[in-house]
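With chain A's structure known, arrange chains B, C and D on it following the hints.
4 protein chains.
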Amino acid sequence: MSSTFGSHFSISTWGESHGAGVGVVIDGCPPGIRLTREMIQRALDRRRPGQSDIVTPRNEADAVEILSGVLEDVTLGTPIALSVRNKDQRSSAYDEMQHTYRPSHADYCYDEKYGIRAWAGGGRASARETIGRVAAGAVAQAVVQTLCPGVEVLAWVQQVHTIVCPVVPEEVDAAVVESNIVRTADAESAEAMAEAIRAARSAGDSLGGVVACTVRGCPVGLGDPVFDKLEATLAHAMMSIPACKGFEVGSGFAAPRYKGSEHNDAFYMDGERVRTRTNRSGGIQGGISNGEDINMRLAFKPTATLMLVQDTVNDAHEEVQLRGKGRHDACVLPRAVPVVEAMAWLVLCDHLLHQRAIARR
Amino acid sequence: MSSTFGSHFSISTWGESHGAGVGVVIDGCPPGIRLTREMIQRALDRRRPGQSDIVTPRNEADAVEILSGVLEDVTLGTPIALSVRNKDQRSSAYDEMQHTYRPSHADYCYDEKYGIRAWAGGGRASARETIGRVAAGAVAQAVVQTLCPGVEVLAWVQQVHTIVCPVVPEEVDAAVVESNIVRTADAESAEAMAEAIRAARSAGDSLGGVVACTVRGCPVGLGDPVFDKLEATLAHAMMSIPACKGFEVGSGFAAPRYKGSEHNDAFYMDGERVRTRTNRSGGIQGGISNGEDINMRLAFKPTATLMLVQDTVNDAHEEVQLRGKGRHDACVLPRAVPVVEAMAWLVLCDHLLHQRAIARR
Amino acid sequence: MSSTFGSHFSISTWGESHGAGVGVVIDGCPPGIRLTREMIQRALDRRRPGQSDIVTPRNEADAVEILSGVLEDVTLGTPIALSVRNKDQRSSAYDEMQHTYRPSHADYCYDEKYGIRAWAGGGRASARETIGRVAAGAVAQAVVQTLCPGVEVLAWVQQVHTIVCPVVPEEVDAAVVESNIVRTADAESAEAMAEAIRAARSAGDSLGGVVACTVRGCPVGLGDPVFDKLEATLAHAMMSIPACKGFEVGSGFAAPRYKGSEHNDAFYMDGERVRTRTNRSGGIQGGISNGEDINMRLAFKPTATLMLVQDTVNDAHEEVQLRGKGRHDACVLPRAVPVVEAMAWLVLCDHLLHQRAIARR
Amino acid sequence: MSSTFGSHFSISTWGESHGAGVGVVIDGCPPGIRLTREMIQRALDRRRPGQSDIVTPRNEADAVEILSGVLEDVTLGTPIALSVRNKDQRSSAYDEMQHTYRPSHADYCYDEKYGIRAWAGGGRASARETIGRVAAGAVAQAVVQTLCPGVEVLAWVQQVHTIVCPVVPEEVDAAVVESNIVRTADAESAEAMAEAIRAARSAGDSLGGVVACTVRGCPVGLGDPVFDKLEATLAHAMMSIPACKGFEVGSGFAAPRYKGSEHNDAFYMDGERVRTRTNRSGGIQGGISNGEDINMRLAFKPTATLMLVQDTVNDAHEEVQLRGKGRHDACVLPRAVPVVEAMAWLVLCDHLLHQRAIARR
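Same order as they appear, the protein sequences are chains A, B, C and D.
Numbering (our numbering) for the first sequence: 1225 to 1585.
Numbering (our numbering) for the second sequence: 1225 to 1585.
Numbering (our numbering) for the third sequence: 1225 to 1585.
Numbering (our numbering) for the fourth sequence: 1225 to 1585.
Hint data in this document are derived by calculation from the structure and do not stem from the laboratory.
If you're wondering where the values come from, they're calculated on a predicted model, not measured in any experiment.
Note that the Cβ used here is the ideal one computed from N, Cα and C, for glycine as well.
Possibly wrong hints are sitting among the right ones.
Claimed, not checked - Over 12 Å on every C-beta distance to chain A, these chain B residues come out as not near it, computed from the model:
1. 1242
2. 1256
3. 1261
4. 1262
5. 1276
6. 1290
7. 1295
8. 1298
9. 1322
10. 1372
11. 1395
12. 1403
13. 1448
14. 1456
15. 1513
Claimed, not checked - Chain A regions said to be covered by chain B (calculated; three or more residues, Cβ under 8 Å):
16. 1327 to 1339
17. 1378 to 1391
18. 1532 to 1544
For reference, chain A alone in the conformation it holds in the complex (with noise of 0.2 Å):
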């Protein structure tokens, strides 16, 4: 189902980019979890557009309303509604959108598929429908931490076209990442790549880069083998976010480089605790945590939008040239990163509950 995710923990999102506004309805989150209007709004603020000057300056509030499954700051087991209006919508700005396809946009693809399209900013391809995916991130967030204190889920931005932040994921401070406007693990990759984001800007061009994630204090025992492993699951989320075209976990595609002997985690016995010396696997073996750390890496492509004269085709099959109008933003990832962590609380939430509904206790 294309606008719902989780089993357990489910939600479904709605909304255009330039209809009434957009949202999520999160069905099966337990009760008695204290979740605030803050908690979810914090969470958005970090999203939304026009935080700095190197992202899109549409600018937009997005405040966000809790409809339903909420008492007095405390979840109630039934479905929660979560509301945020859309307000800045100059479709004027992108009424070359309607019969143009953009390309390496889903014009073309919506078109096909469904005969039919909301054309004024990219519809439901825009990427305001990540608000319900952050929103519903919060409160997955709430859950899991309520129920599992010590989860902890950092995003950070690694690499910028062609800047690379060398910090490694262990040493990666949540502080620093939020000090930056990049929203990288130090200030000297933060300058670098901010700069080359304005001068991509200045040129109406974009940029792509890499967005890392790990999850630190992971209790063992999450991830369902076989299909529903924990990191098929995170590469599913991961790979629905706009602009994603590729997930890899521990080694990744580095693995091969490795001989097996090489590569694996030996056991030992850090006081009580199972531990690996290593951790390639990347905090998962098997498809279940094995309560290392957790360590993703996600591929984003340049932003498809640019202020320059493209070659593409129209909705009547003729060929012409595109000239990027409205607002641009020149490189997502640093608001990829909320939208990032959300996915990964999503599924943890999503794989907390199910081992809560089968393990013996």
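Below, chains B, C and D without anything else, positioned relative to chain A:
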């Protein structure tokens, strides 16, 4: 749900390595599709052990039985149950596995998650579990190729350890892939790869690599935007294959190297058909197939089973050493190829049925 | 999942009686279906309180807003979010409900299940929850009648307390049903039923009854044999309506009175069409529609809310007395009619989309 | 999905009457539950044909094999595959069924829906399909009784044709039910019912009836309000049993006879326990179990297979006569009893696992 995959064409696999057998039930297969036992057996023969000197010598015919859902080589629309009996169960060779956790295997995590484990041969975490996938994949292939003639799925070993096959996806020939025991795309790479695998096996060590997969002739319009994007469900499917550590589509992890102006795929008219001049999108835009080849790459870690002494712990949480015994598969990639293809067919079939449900016609 | 219904045409309802509002998100609606706000509002107007002197006086316009998924009165194929704001929230009238369990209401069970409860107005257990069903049902109706013209769903009040409307299903006329405030099938019954309801209300008491529902023009072939038989999913749908205590199809609970030779529906040819001479099967055989009218009956208990003194316990587990206050709906049946129809449309739509997915054509 | 039932404890049944066999795969069974082959076989023995002179003489041992998911009589948490081979396949006796539609059977609808049909013995529509339900029900029972000791499910034949067993649900004794071949609740009724069945069989005719089912010791809090109310999922489960035409819970179709003041179940304190003085709710309020007995009744039509001449049509759409041949089960109710119990266990298990997922503790 752990062992169930797919929404419309839904499969449930079952079976432990050393139990009575392994198999799959397919619920949701359309009626009236021609399906013979041979079509399924042929797929399984490509997956079974003992095909050559570079894969595991476990000798199993893996003969499939169709238990239901098919009458006189035509599907009935009712569940198709497929079963393969286990034969070669030398569990004595695995006695050590009962209490000792093999590094980078699922043993420890299973014990922690379930409190019980079918230790012989890896139980449910054994590669034998993929038999159900391959059998079901053959059925999915029959469905897709009947309802939508012209679709082809082709996977091959693109890399073993540091040896990379240079053939580009567009030029890979299925006959060449099937003509060499490594299942790579040219004879020279095949020889080098086979040699590397033999050397690793002699050393009691193991190798990983990369499997590439391309879908040719895919109709426009498959894939559900938002959570069940075509690439997201493919990632889910592929990352659920044992030992898979990374997934990428189109430009994948190379995407960040491009600027937007370099990365965008310009549309043009090829006769009546809308096409793109480049294919960095990998055949998918906005989560929906655009009719170009769907190109994926999967990273596989080196097999965790080694014929070497390794440090580890046992289920009494004592640090011990493990001495590899039993059968040894120094490189799973040749046998992973049909599994990758099967997972691609399953995903395509599921999306195709969904599209038929909603499409105007 | 509690508040989600349907596999292909999947709806998630949300909202408490005295929260911000109630609504529904529909995921899986086909694109290109004509759908106006009025089509949904009209359905809601039939469900809303205050339509006549025999239903609850709670006065709500229940104005629906389409938040997403529709462009210029045509469905986009993306999620359709529908919302109705709560207005008339006199929660002071319900203060007693905060700690006292109303007999035969959900209060006690919610407290035990969730440990928390939106007590005002019944919260999620309020009849206001059915607004989401009726709104989604109007969309399902549009889909079914577009893809499969000629299907009609018609429900009516067949019994109130001991007063039974004698009109047989084949002769029930929608215009007659809508012409009387009870929504029964003839004027004489309507008058007697209305009188009985008024008398019950005057006494602070309440009445139950039977709603009958017939589907005319249903195509042959809807319904999945085994677990999702058409009658099983209809039963699920109908028994999920608040206060529904029984469901029967075709001969129903009268079936045992017949011998097989009396009960079997003989097939015959009606021109080109295979038909049955009798219809004890109720339009469904082997879980699949056979083209005859689908006839169902649903038993509703009398409303649990009374304006009388009742013995009960409170949340401190003390025995107390409850004195009815607030608004009182002495008989829910007239307003249950559009809810029953909505649930029938939802089930039909889900099966129709499934059948399109698997059918040869 | 046709042949899959349950969200957490999910079963997929497979098998045609005259294929290789029938069976079920259970996905989602918790680990660590004691489960022996005998526990499943015992349930199947109560369902199998040939137990007495009043049921079908088809003689099948119906020996179950556990293919996976269980190690040394303990569940592993992995899928449990159960299989029963078909033995007594006298398809020649059914030759006429290949082209002639048996009245009130599924033949015609299968042909229209699927365009193909396993005609021998009714194929998937055969009562043999219920073997998978009963086998899975035995596993569900083991899970529920392990996680929640004290729950009991008891079904019995309450009516055959016009003969009604007068024992009230609270006084039905499992030992008495099992001591007579009809599986009714007292010896006198048993004799009368058996006589009626023998007479019907001699006449080539058949009888229907009512099966009652009660759940004792159900914990408070099972059932999901809104769509997956406990009574709604029970109705779904029961109405999916072949030949079931009606379902009611608590007061059921008698509910309308009461006024609200007569129908409401007053709460009182029974020591520490909140109880109701009457139980017209049937143990469920607001869709959630309240700890009282859950009382259900199911109507079954008389078996459609008759040893009499019947008017019908064939697959060439000619009007023809059908002359009953082969084995004849004049009354399915005694064998429906274990099927009804199995469906109740499956529903309870699913809700119990869900409640464990969300409950605070």
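Looking at the structure, which of the earlier hints fail to hold? 13, 14 and 15
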